[in-house]
Every structure is written in structure tokens, then in C-alpha cells.
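Per the working numbering, the sequence shown runs over residues 1 to 881.
If you're looking for bench data, these hints aren't it; they were derived computationally from the structure. Treat the hints loosely; a few may be bogus.
Said to hold, decoys possible - Straight line, CA to CA, 25 angstroms or less: simulated DSS-like cross-link-like pairs of lysine-lysine: (1) K94 <-> K152; (2) K166 <-> K118; (3) K246 <-> K217.
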Amino acid sequence: MIRYGCILLALLNLGYSNAQKKIVDFDAIDNWTSVSRTAAISGNGKYMVYGINKNGKARALRIKAVEGAWNREFVNCPAAGATFTGDSRFVVFKCGKDSLALQQLGLDKVYYLSAVQKWELVGIGDRERLVYITYDSARNPSLVLLHPQTGKSHRIEGVRDFFGNKGENSVFLDFIKDDKLGWLNTESNQVQVINSGKKISNRVVNSKGNKLAYLIKAEGSSPQLWLYDAKTNASALLSSDIPVFKDSAVLVNIDRFSGNDSVLYLGLQKPMARFSSGDKQAAGVCIWGTEDVSDPVFRFCRDLPEMPERKEYAAMFLLQQKKFIRLSEGDTVVIRPDRNNYDWFIRCVSIEGGQITGRWNELVSGNTGDRWKLDNLRQNIRGDFMSISPSGRYLVYYDRIFKQHCSYDLYDQVTRQITASVNNQWALLPDHDSGGIYVPDYSGWLEGSEELVYISDVSDIWLLDASGRQKPLNVTSGIGRRNQYIFNMVNNGSGKRIGKSAILLSAFSKKSKSMGFAFLAPGKLLDTTRLLLQPYFYFVAPGMDIGGLYVGFDPVKATGASVYLVQRMTASQSPNYFTTTDFVNFKLQSDLFPEAQYDWPASELVSWHTPDHQEVQGILFKPASFNPTKKYPVIINYYEKQSDGLNVFREPETMTHDVNIPWFVSRGYLVLKADIKYKTGRPGESAYECINAAADLLSTLPYVDKEKIGLEGHSFGGYETNAVITRTGRFAAALSAAGISDLVGFYGDYLPGFYVSLHNLVEYFCFRMSGSLWQKRNDYLENSPILVADKVTTPLLIMHNIKDLNVPFTQGTALFMAMRRCKKKAWLLQYDKSNHLVSKGVESRDYTTRVSQFFDYYLRGGALPQWMESREDAQFKRFLK
1 MIRYGCILLA LLNLGYSNAQ KKIVDFDAID NWTSVSRTAA ISGNGKYMVY
51 GINKNGKARA LRIKAVEGAW NREFVNCPAA GATFTGDSRF VVFKCGKDSL
101 ALQQLGLDKV YYLSAVQKWE LVGIGDRERL VYITYDSARN PSLVLLHPQT
151 GKSHRIEGVR DFFGNKGENS VFLDFIKDDK LGWLNTESNQ VQVINSGKKI
201 SNRVVNSKGN KLAYLIKAEG SSPQLWLYDA KTNASALLSS DIPVFKDSAV
251 LVNIDRFSGN DSVLYLGLQK PMARFSSGDK QAAGVCIWGT EDVSDPVFRF
301 CRDLPEMPER KEYAAMFLLQ QKKFIRLSEG DTVVIRPDRN NYDWFIRCVS
351 IEGGQITGRW NELVSGNTGD RWKLDNLRQN IRGDFMSISP SGRYLVYYDR
401 IFKQHCSYDL YDQVTRQITA SVNNQWALLP DHDSGGIYVP DYSGWLEGSE
451 ELVYISDVSD IWLLDASGRQ KPLNVTSGIG RRNQYIFNMV NNGSGKRIGK
501 SAILLSAFSK KSKSMGFAFL APGKLLDTTR LLLQPYFYFV APGMDIGGLY
551 VGFDPVKATG ASVYLVQRMT ASQSPNYFTT TDFVNFKLQS DLFPEAQYDW
601 PASELVSWHT PDHQEVQGIL FKPASFNPTK KYPVIINYYE KQSDGLNVFR
651 EPETMTHDVN IPWFVSRGYL VLKADIKYKT GRPGESAYEC INAAADLLST
701 LPYVDKEKIG LEGHSFGGYE TNAVITRTGR FAAALSAAGI SDLVGFYGDY
751 LPGFYVSLHN LVEYFCFRMS GSLWQKRNDY LENSPILVAD KVTTPLLIMH
801 NIKDLNVPFT QGTALFMAMR RCKKKAWLLQ YDKSNHLVSK GVESRDYTTR
851 VSQFFDYYLR GGALPQWMES REDAQFKRFL K
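Start from the sequences, fold in the hints, and give me the full structure.
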């Protein structure tokens with residue numbers, strides 16, 4: 001109270017000035033301006049380009065100098081795809097339906113090219129060319145090469161497409177006549193013809209852009225595999241070196257080149273026996289059995305996929321040796337263990353109806369074809385979460401049984417627990433008993449080393465030695481776990497080599513929600529004295545809980561300068577672009593702050609405790625005109641955890657799911673986004689305890705009207721609304737949108753949009769029941785709100801749509817009919833064109849209006865709208881205001 005007294009006069013003066021600010025309405029939404037989600041910075045770090053959006057749609061493109069006043073704006077030109085030339089003298093961008101623009105940076109000169117269908121910058125330095133496809137008035141295509149610096153151009157007639165731009169000075173050409181293919185040297189303008197008059201398919205280009213693998217299909221025979229080499233200007237037939245297989249498998253496709261371009265990855269297929277329906281037409285009946293190998297897909301038989309006519313296998317062709325290696329056949333399948341390095345394969349034995357058992361036979365190098373037996377590697381570890389050292393000696397992985405990171409030495413055939421010497425939690429355990437864990441990806445191998453690899457434990461960054469000779473090094477010195485920080489490597493290319501340049505780390509505080517950056521010298525400890533966390537939000541990083549928001553822009557470094565482009569925001573300041581060289585000092589580059597004219601929300605981190613003394617966090621939003629002497633109504637919103645979004649800016653939008661915070665806060669509400677901490681098998685009770693405790697906290701605040709607190713949740717949040725109002729009558733009004741009311745019925749149903757059983761969703765994911773209905777019968781009954789609908793005293797607004805493909809419409813109608821049967825106050829909204837979310841446009845505007853009227857009536861003493869008062873049939877109420 002002393003705190004309020006000290007600044008009361010200032011607040012009153014501020015409140016007077018803010019009282020002049022506007023509320024957020026549909027006009028504000030329709031005309032809302034914001035920076036685009038895409039932006040770029042020139043190689044020399046002196047210029048940048050970004051877009052300006054209006055109501056989410058591209059309105060203009062802006063190019064500006066990082067230092068100085070020079071800037072240009074182009075209306076109706078999107079920022080997406082805008083690209084700087086390598087010498088940082090021009091920026092190229094699409095403008096209008098088929099026009100291309102080249103703006104010379106720092107000058108007034110802009111050049112326009114018309115009738116452009118496709119374009120790319122090809123080549124490096126002075127050899128860089130703008131390559132594009134254009135059409136004349138008769139729709140005849142041609143390819144043009146333009147030298148941006150000199151303005152000289154060269155035209156090649158009859159080219160309808162180009163492909164294979166790998167950053168070198170070449171592309172492949174697709175001619176309109178005779179299905180001709182060619183290779184173009186963009187520096188000399190020389191065209192080499194590859195093939196003509198034959199149907200070519202499955203074109204795959206190597207990493208240097210000078211080789212093309214392709215198939216030529218001939219009737220009545222297997223496709224031919226060819227390889228074109230631009231150095232020799234010749235194509236070689238490779239399929240003659242592919243043997244005939246006993247199982248009748250044939251070549252069907254080319255996957256790609258290996259990383260070193262020495263191997264082609266291929267796909268084979270062999271015919272499979274098919275069931276015959278006999279002489280008579282089969283009935284349209286689907287037949288499922290409880291012992292079927294795979295889970296059922298519940299849909300009309302006519303919509304189920306046909307049985308595959310062929311079984312697929314992987315193979316590789318070593319180009320220099322002209323050697324063919326078949327990776328899989330029979331019951332043997334292959335997996336790629338390192339998701340960041342596709343040049344390694346593990347051969348597995350597949351049995352029991354096609355299910356991979358985990359019996360691993362050998363590791364295969366995709367670059368050389370070399371094989372290593374895996375006889376001593378412990379089985380049943382995750383085969384798709386590994387990292388393989390650069391030469392392939394070590395496989396590192398997380399072992400769920402040992403709860404340690406391990407390495408397998410292919411040379412010595414030895415497994416080592418490389419993190420056993422330190423006491424640390426390496427995986428993030430879920431808040432439910434599903435057996436699932438989160439282990440971050442391996443961040444990358446240290447350049448010049450075959451043994452050292454970076455990994456995160458969700459909090460800190462570690463350097464591990466795959467050989468086991470060195471003890472794990474915590475390069476962030478443990479401050480992540482001590483201070484509840486989350487460290488992540490930014491844009492390092494996860495799983496790749498980490499060179500000599502400083503590594504950019506991001507740090508996020510789970511406690512304060514502040515965010516910052518620091519540079520890490522490879523192989524060294526982080527200098528924590530230069531780590532500065534501030535109350536800003538930049539982008540979503542692994543380990544952050546912000547709900548379903550898509551926000552942020554990963555920092556982008558100029559390729560030839562130590563200048564970074566970032567996007568920064570707070571809850572009360574729009575996202576804008578900044579540049580920085582040290583991540584301590586930031587220079588504002590864009591200047592869009594449309595919220596300044598509105599009574600915009602500010603965010604405050606609050607916390608409270610549940611009955612079992614667990615601390616829970618939430619975000620309380622207050623208007624800029626907040627007056628601590630007034631009494632405000634509050635709407636509580638929830639969906640698992642969202643409090644890490646404390647500093648996230650939320651644009652004004654019509655409601656498609658949850659309440660729009662700027663809309664309601666500018667109208668005199670406070671909004672609390674509450675985290676939920678879950679107990680296994682107790683989703684309803686968990687929601688009630690956290691939300692009820694949040695209401696207890698709100699009731700102690702002098703500026704909250706404790707009799708006017710409402711609830712709102714969508715989807716699983718709608719279920720939580722239902723769970724809370726069947727346990728307490730303290731809330732003045734509640735909105736349950738697309739929520740679950742009958743957990744028993746939901747468990748036995750299927751997901752309409754995906755046609756699969758909901759068992760896993762209920763047992764392991766959102767609901768965290770950790771067991772079947774027959775194992776935990778009472779828990780399912782206790783967490784089915786519909787069974788206690790007679791206890792509800794809170795007026796309830798339900799929104800559920802017939803076309804909902806996530807939660808069956810019957811979940812909403814069942815609750816509504818229960819409320820009707822029990823003579824409780826409830827309304828049900830159903831939108832014909834909407835599904836799980838309300839469709840943007842007329843229906844979302846209507847939904848926003850009706851939700852506002854509902855809460856205004858119960859929480860602010862507003863007028864009772866006609867559609868709530870009327871007892872007319874449903875089809876007539878839509879015309880009522």
C-alpha cells in the first residue's frame with residue numbers, strides 16, 4: 001500500500017492522459033500495422049529490408065540504411081523473398097503480380113523488370129547474375145541473365161524453367177521444345193545440351209551444381225539411371241551396373257547425392273501380393289480386429305488408402321567405383337540415426353508385421369559404403385536421436401535406462417557412459433507419467449576434434465568427450481540450473497561442425513522471463529560477466545512455455561560484418577527491428593508503434609501457491625490507464641503453461657479461440673493468463689486447484705472486484721473451464737470453447753480430423769491419465785465434468801462447431817443438454833463455416849461481439865443482449881443483437 005501511496009499522484013496524472021486513448025475495436029484490427037516476420041540485412045551490414053503489414057497482409061516493403069537517414073518504401077511489395085546482391089550494392093524484390101525491382105542501395109536508382117515468373121541470384125562476387133524467366137506477349141518463355149552492376153543482359157529463348165542453383169556459377173535449364181535439358185554457365189553464357197526428345201524425370205543436382213542424376217522411363221522396362229557431368233559435357237548410363245534382384249525389386253527413384261557428392265541414394269520397389277475381391281463386387285465394409293498390427297483408422301472404407309502394390313527399399317550407388325549397395329531387403333529396413341547428418345544409415349531387422357524391433361545389425365557410411373557391425377551396442381535405444389562424429393568413429397546418444405549420454409566406439413566396439421562422472425539431470429521429465437522425456441538435440445561437434453560434442457541439458461550447455469578421456473565440461477558454469485536459466489545456441493546449424501568463430505548463445509530466465517545473449521568462445525567457458533538479461537522478448541527458444549503463439553525472429557548476422565539484425569518486443573511495445581554488434585547496445589531500425597494511441601495492456605508477472613504448496617506463475621494484464629483506486633473485473637484464461645510469454649506482444653485480433661487481450665483490457669478488464677501444474681490422473685482437480693488459488697490471489701488485490709471474476713478456456717482449456725465450474729460456484733461467468741465435458745466418452749471416441757483413437761491423447765498427453773479407463777475407472781469418472789453438471793451455478797457460454805475436427809461436437813452438445821436438463825443457465829454458439837477455431841471474418845467478428853456482450857453483462861453490469869434474453873428458436877436468434 002505504501003508503494004501505491006508514493007506514486008499515486010503520478011498514476012492519477014498518467015491515468016488522465018491515458019483516458020484519452022482509444023479502445024481496441026474492429027476498425028483498429030482492420031487497420032493494424034506491424035513489421036513483417038521476415039527481414040534481411042546486407043552482407044556488409046550497412047542496409048536492411050523489412051515489410052510493413054496491415055491486418056496481417058503485406059502492405060509495403062521498406063529498405064533503409066542501418067546508419068544514416070537513407071530509406072525507400074514500396075507500396076504493395078512484399079518483404080518475403082527480398083534478397084541483397086553479394087556485393088551489397090542492390091536489393092532485389094518482387095513488386096506487383098509479375099514485376100521485379102532492383103533498388104541500388106544508397107541512391108535513388110530503381111530498375112523494374114516486367115513479366116517475371118521466377119528469379120534467383122546465381123554466382124558469387126563479380127560473377128553474380130540475376131537469372132529470371134520471362135514471357136513475351138505471345139506467352140513464349142525465355143531466360144534472361146542480368147549483370148546488376150553493369151546492366152548487361154543475355155537472353156536464351158525457349159527456356160521455361162531453371163533449377164539446381166547451388167551458389168556456384170551455373171544452373172540447369174528446362175526447354176519448352178523436345179523436353180530438352182541443358183546446363184548453363186552463367187558467367188560465360190554457354191549452354192551445354194544434356195538430353196533431348198526423351199521423357200526425363202526425378203532430376204537431382206549435386207552440391208556444386210555441376211552434376212545431374214536423372215531417370216529416363218521407357219515403356220515396358222525399368223527406368224534408366226543416368227548421370228550428367230558438366231566438366232565432361234557427357235551423360236553416363238549407370239543402371240547397367242545395377243544387378244537383377246531375386247525378389248524382382250526395381251529402381252523407382254533417386255533420393256539425393258551424399259554430402260561429398262560421391263554416392264547416389266536410390267529407392268527400389270518390389271511388387272507385393274494383393275488381396276482379391278473375387279468375382280463379385282465387395283461390400284463397402286471395413287473390418288477391424290483387436291489383434292491387428294496397427295491402430296485402426298476410423299473412416300469410410302472408400303476413403304482408406306489402397307494396399308500398397310510395391311514394397312520400398314533403400315540402396316546406394318558409389319559413383320567412382322560404379323558399385324551398387326542394397327541397404328534393405330526382406331525384413332531388413334534402414335533408419336537415419338542422425339537427423340542432422342543424413343549420410344549415415346543403421347540397418348535394422350524388422351519382424352512382427354513390419355514393426356522395427358530395435359535389433360540393429362550395422363552402421364553404414366553413406367559417403368563410402370563402409371560398414372561397421374553393432375553387435376556390442378545395447379539394443380532398444382532411440383535410433384532416431386543420435387549424433388555421429390565427423391569421421392564416423394563415435395555414436396553418441398541418450399540412454400533412457402542409464403539416464404546418461406553414452407558413446408559407442410565403432411573401432412573398439414565399446415560403449416561408454418560419458419556423463420556418468422557428473423551428477424546432473426540430462427533430460428526434461430514431463431509433468432505426467434507417460435514415459436516420455438525431452439532431450440535436446442546435440443548442438444554440434446567442435447571443429448578439429450573427433451571427440452568433442454556440445455549438448456544442452458535444457459538449462460546449461462556442456463562439452464562432452466565421446467572418447468571418455470575428459471570429464472564433461474559445463475561451459476555455462478552451472479548458472480543455468482542455479483538461476484533457472486535456459487541456454488541455447490542460436491543459429492549454429494544444430495548437429496553440425498562448430499568452427500573457430502564465437503558462438504552466439506541465448507539465455508532465458510524461467511523466473512523473471514527476461515532474455516539476453518552472450519558469445520561463447522569454442523572449447524572455452526562462457527564469460528558470464530558479459531551476460532545481460534533484460535525484460536524483452538526476441539524469439540521462442542526450446543524449453544520455453546508460451547502457449548500456441550508464433551512469435552519472434554531468430555537473430556541474423558551480416559555475412560561480411562559483425563552486425564546482427566534482431567526483432568525485439570515487450571507486452572506493451574510492438575515488435576520492431578534492431579541492429580546490434582554486441583547484444584548489449586541496440587539501435588532501433590523500424591518504428592511502428594500503433595499501440596501508442598490505444599489503452600494498451602501492460603504485463604505483470606504474478607505468482608501464488610496451490611493447496612499442496614506448489615508455486616504457480618501467471619501473467620496479469622492491466623490497461624495503460626490502470627487506476628489502483630478502481631475495482632476491475634477479471635477474466636482468467638489458461639491452457640497448460642503460458643507464463644514465459646510475459647514480454648510477448650499480442651496484436652489485436654478478432655476471437656478465433658481465446659479472448660484477445662488488447663480487446664478486453666482496453667475495455668476495462670484485467671486478464672490473467674494462469675499456468676496449470678498437473679497431477680497424474682487428476683487433470684480436472686489440477687486445473688481447479690491452480691485456478692481457484694489464482695482467484696484467491698486476485699481477491700486480495702484492492703483493485704480487483706472479487707465478485708466479478710470470469711473464466712475462459714478453449715479446447716483443453718475448455719475442458720478446464722468445465723472442470724472448475726463443476727467444483728466451485730465462485731466465478732461470475734464462464735466460457736467453454738470447443739471443450740471436453742465427458743472424459744469417458746471422449747476416451748472411447750476418435751479424432752474426427754485424423755480418424756484415430758483418442759486413447760493416447762487421454763492417457764499420455766493433455767489429460768495425463770497414465771492408464772486406461774479400466775485401470776483407473778474412478779479417476780475417469782471424477783474427471784468427467786458432465787457427471788456433476790447439476791452442481792454448476794456459474795452462467796456458462798459454450799462455443800462448439802459441428803465441423804470441429806479436433807474435439808467432437810457431441811462433447812459440447814452433451815454438456816449443453818445436461819445444463820438444460822438440470823435447469824442451469826447456459827448458451828451454445830455454433831458457427832456453420834468454422835471448425836475447431838472460429839473462422840476469421842464475419843464469424844469471428846460475431847463471436848468476438850457475443851463473448852464481449854456475455855462478459856459485459858455478468859462482469860461489468862452491461863445490458864442483457866437480445867440473443868441471451870430471447871427464447872426463440874436457434875435459427876432466429878442469430879439475427880438478434
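Going through the hints against the structure:
1. K94 <-> K152: Roughly 20 angstroms between the alpha carbons, so the hint for K94 and K152 holds.
2. K166 <-> K118: holds (16 angstroms)
3. K246 <-> K217: holds (22 angstroms)
Violation of the numbered hints given earlier is absent; every hint is satisfied by the structure.
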